[in-house]
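Novice: Next come the chains, spelled out residue by residue.
There are 2 protein chains.
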Amino acid sequence: MSLVRVHNFSISLDGFGTGDGQSAEAPFGHAGEVLHEWMFATRFWYEMTGKSGGSAGLDDAFARQHGPGIGAEIMGAGKFGPPGWHKDPDWKGWWGPNPPFHTPTFVLTHHPRPSIEMEGGTTYHFIDASPAKALETAREAADGQDVRLGGGPTMIREFVAAGLVDHMHVVVVPILLGRGERLWDGLEDKEKDFAVEAVSSPSGVTHLTFTRTES
Amino acid sequence: MSLVRVHNFSISLDGFGTGDGQSAEAPFGHAGEVLHEWMFATRFWYEMTGKSGGSAGLDDAFARQHGPGIGAEIMGAGKFGPPGWHKDPDWKGWWGPNPPFHTPTFVLTHHPRPSIEMEGGTTYHFIDASPAKALETAREAADGQDVRLGGGPTMIREFVAAGLVDHMHVVVVPILLGRGERLWDGLEDKEKDFAVEAVSSPSGVTHLTFTRTES
Numbered sequence: 001m002s003l004v005r006v007h008n009f010s011i012s013l014d015g016f017g018t019g020d021g022q023s024a025e026a027p028f029g030h031a032g033e034v035l036h037e038w039m040f041a042t043r044f045w046y047e048m049t050g051k052s053g054g055s056a057g058l059d060d061a062f063a064r065q066h067g068p069g070i071g072a073e074i075m076g077a078g079k080f081g082p083p084g085w086h087k088d089p090d091w092k093g094w095w096g097p098n099p100p101f102h103t104p105t106f107v108l109t110h111h112p113r114p115s116i117e118m119e120g121g122t123t124y125h126f127i128d129a130s131p132a133k134a135l136e137t138a139r140e141a142a143d144g145q146d147v148r149l150g151g152g153p154t155m156i157r158e159f160v161a162a163g164l165v166d167h168m169h170v171v172v173v174p175i176l177l178g179r180g181e182r183l184w185d186g187l188e189d190k191e192k193d194f195a196v197e198a199v200s201s202p203s204g205v206t207h208l209t210f211t212r213t214e215s
Numbered sequence: 001m002s003l004v005r006v007h008n009f010s011i012s013l014d015g016f017g018t019g020d021g022q023s024a025e026a027p028f029g030h031a032g033e034v035l036h037e038w039m040f041a042t043r044f045w046y047e048m049t050g051k052s053g054g055s056a057g058l059d060d061a062f063a064r065q066h067g068p069g070i071g072a073e074i075m076g077a078g079k080f081g082p083p084g085w086h087k088d089p090d091w092k093g094w095w096g097p098n099p100p101f102h103t104p105t106f107v108l109t110h111h112p113r114p115s116i117e118m119e120g121g122t123t124y125h126f127i128d129a130s131p132a133k134a135l136e137t138a139r140e141a142a143d144g145q146d147v148r149l150g151g152g153p154t155m156i157r158e159f160v161a162a163g164l165v166d167h168m169h170v171v172v173v174p175i176l177l178g179r180g181e182r183l184w185d186g187l188e189d190k191e192k193d194f195a196v197e198a199v200s201s202p203s204g205v206t207h208l209t210f211t212r213t214e215s
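Read top to bottom, the protein sequences are chains A and B.
Under the working numbering, residue 215 is the last one in the first sequence; the count climbs by one each step, no gaps.
Under the working numbering, residue 215 is the last one in the second sequence; the count climbs by one each step, no gaps.
Hint data in this document are derived by calculation from the structure and do not stem from the laboratory.
One thing to keep in mind: the hints can contain errors.
As the list makes no split between identical chains, a pair holds if one copy fits it or if it spans any two.
Only pairs whose alpha carbons sit at most 25 Å apart, straight line, appear in this in silico SDA-like list of lysine to any residue [as the list claims (entries may be wrong)]:
1. 192 / 9
2. 190 / 179
3. 192 / 30
4. 190 / 30
5. 190 / 40
6. 190 / 174
7. 79 / 155
8. 190 / 161
9. 192 / 40
10. 190 / 200
11. 92 / 27
12. 79 / 25
13. 190 / 203
14. 190 / 34
15. 190 / 9
16. 79 / 137
17. 190 / 178
18. 192 / 203
Could you build all of it, start to finish, from the sequences and the hints given here?
Specialist: See the structure below:
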């Protein structure tokens, strides 16, 4: 059974998954990197960026669930580039020549373009589709493996609202961003489809896992 | 030093401290009692309601910080009664003849009325005042002890925004209410005035404590 999974999705105490004012210089807007500092400190991140070191505790255990078993990713347009990237025919994403996805990666956009093959197994495909239709496409590409939803908050919210998410790992960072894009808007009672666990980490963040209980 | 403290203030994952549609039958609106079930299960609550039993773990340890050292409470109008209570001259609050405050209790309202002395040490006073002015009044009544802010979310938000809170205990319940009154709105960066701790409980809730670090 191919599952739909969310990993390492970080939000502020007040629920923002990105800050206000996303731009080429500020992928997370005014939030900067503060939502992901917990992850940058893990061995998972050190290894991924070719360094040695990093923490091997709870945060690392969660962080490294990101890769195994994943056969494709779907990401929102804002995770691929700043507003207006579709006007730049040479834009190849925020993630460098060897992106950390290593699978077919479907970018949701109203401006599809030809696919781009990157190093390390990532191929970007650009699709203008509903959550259900995008998932159908990604699942086919995943070839029996799971599909990861990469964010941002808007696309995750839409997939949760559509009842398409099986497993979701959300990390609550103890900051108040005040503005940006909220993860939880319009999801009243949606937690009832899941078993929810919360576990706080010595780093200060709290890991929430949502595991679907309905079939 | 007389501190300003918040205890057992419960919010949903999406940040709502009360649900939508507060009324005489539904003090927390559509949220019902679900925000406070963690507390109803504690020995603290059992004792307060004259029963024996209840859990003696983490939730209880936090819950029973509510009383000790408190010399006065300030509460918002919505914690005293449903919308329109000021039109009923006989309304004496939602909390029965022996309310769980046991101190002078200042109700913030645009419709002040004469004070009401209840059993058990609670006297309700009704004041139309800014957070700073209300605190001045309550602090005088507290006679050197601490002042508790009783909620709801609007009044706590206002006191935090005004920099008046020294210690705040917020309990995050893993539900998505979707609508109601949010605690965190308009408090960008306010966490920076505090040391923040998060600890998740086996009951499923996460206790957040904010301890002021600036003087």
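Novice: Indicate, hint by hint, whether the structure satisfies it.
Specialist: So, going through the hints one by one against the coordinates:
In the homo-oligomer, the alpha carbons of residue 192 and residue 9 lie at most 25 Å apart both inside one protomer (20 Å) and across protomers (22 Å), since each shortest distance falls under that limit. In the homo-oligomer, the alpha carbons of residue 190 and residue 179 lie at most 25 Å apart both inside one protomer (23 Å) and across protomers (13 Å), since each shortest distance falls under that limit. Only between protomers do residue 192 and residue 30 lie at most 25 Å apart by alpha-carbon distance; the minimum there is 15 Å, versus 33 Å within a single protomer. For a Cα distance limit of 25 Å, the shortest separation of residue 190 from residue 30 across copies, 15 Å, qualifies, whereas the shortest one inside one copy, 29 Å, does not.
Proximity of residue 190 and residue 40 under a CA criterion of 25 Å is satisfied inter-copy only: 24 Å between copies versus 30 Å inside one chain copy. For a Cα distance limit of 25 Å, the shortest separation of residue 190 from residue 174 qualifies both inside one copy, at 23 Å, and across copies, at 11 Å. With identical chains, the CA atoms of residue 79 and residue 155 are at most 25 Å apart within one copy only, with a shortest distance of 10 Å there and 37 Å across copies. Taking the shortest Cα distances, residue 190 and residue 161 sit within 25 Å of each other inside one copy (7 Å), while across copies they are farther apart (31 Å).
Within a single copy, residue 192 and residue 40 get their C-alpha atoms only as close as 32 Å, which misses the 25 Å cut-off; across copies the closest is 21 Å, which meets it. When the C-alpha separation of residue 190 and residue 200 is checked against a cutoff of 25 Å, the pair qualifies both within a copy, at 22 Å, and between copies, at 21 Å. Taking identical chains as interchangeable, the C-alpha atoms of residue 92 and residue 27 lie at most 25 Å apart only when both belong to the same chain, with a minimum of 15 Å there against 53 Å between chains. For the homomeric pair residue 79 and residue 25, the shortest alpha-carbon distance inside one copy (13 Å) is at most 25 Å, but the shortest distance between copies (46 Å) is not.
In this homomeric assembly, residue 190 and residue 203 come within 25 Å of each other (Cα to Cα) only across copies, at 19 Å, whereas the closest approach inside a single copy is 28 Å. In this assembly of identical chains, residue 190 and residue 34 lie within 25 Å of each other by CA distance solely across copies; the values are 15 Å between and 27 Å within a copy. Both within a single protomer and between protomers do residue 190 and residue 9 lie at most 25 Å apart by alpha-carbon distance, with minima of 17 Å and 23 Å respectively. Only within a single protomer do residue 79 and residue 137 lie at most 25 Å apart by alpha-carbon distance; the minimum there is 19 Å, versus 51 Å between protomers.
Taking identical chains as interchangeable, the C-alpha atoms of residue 190 and residue 178 lie at most 25 Å apart whether they share a chain (24 Å) or sit on different chains (9 Å). Taking the shortest Cα distances, residue 192 and residue 203 sit within 25 Å of each other only across copies (16 Å), while inside one copy they are farther apart (28 Å).
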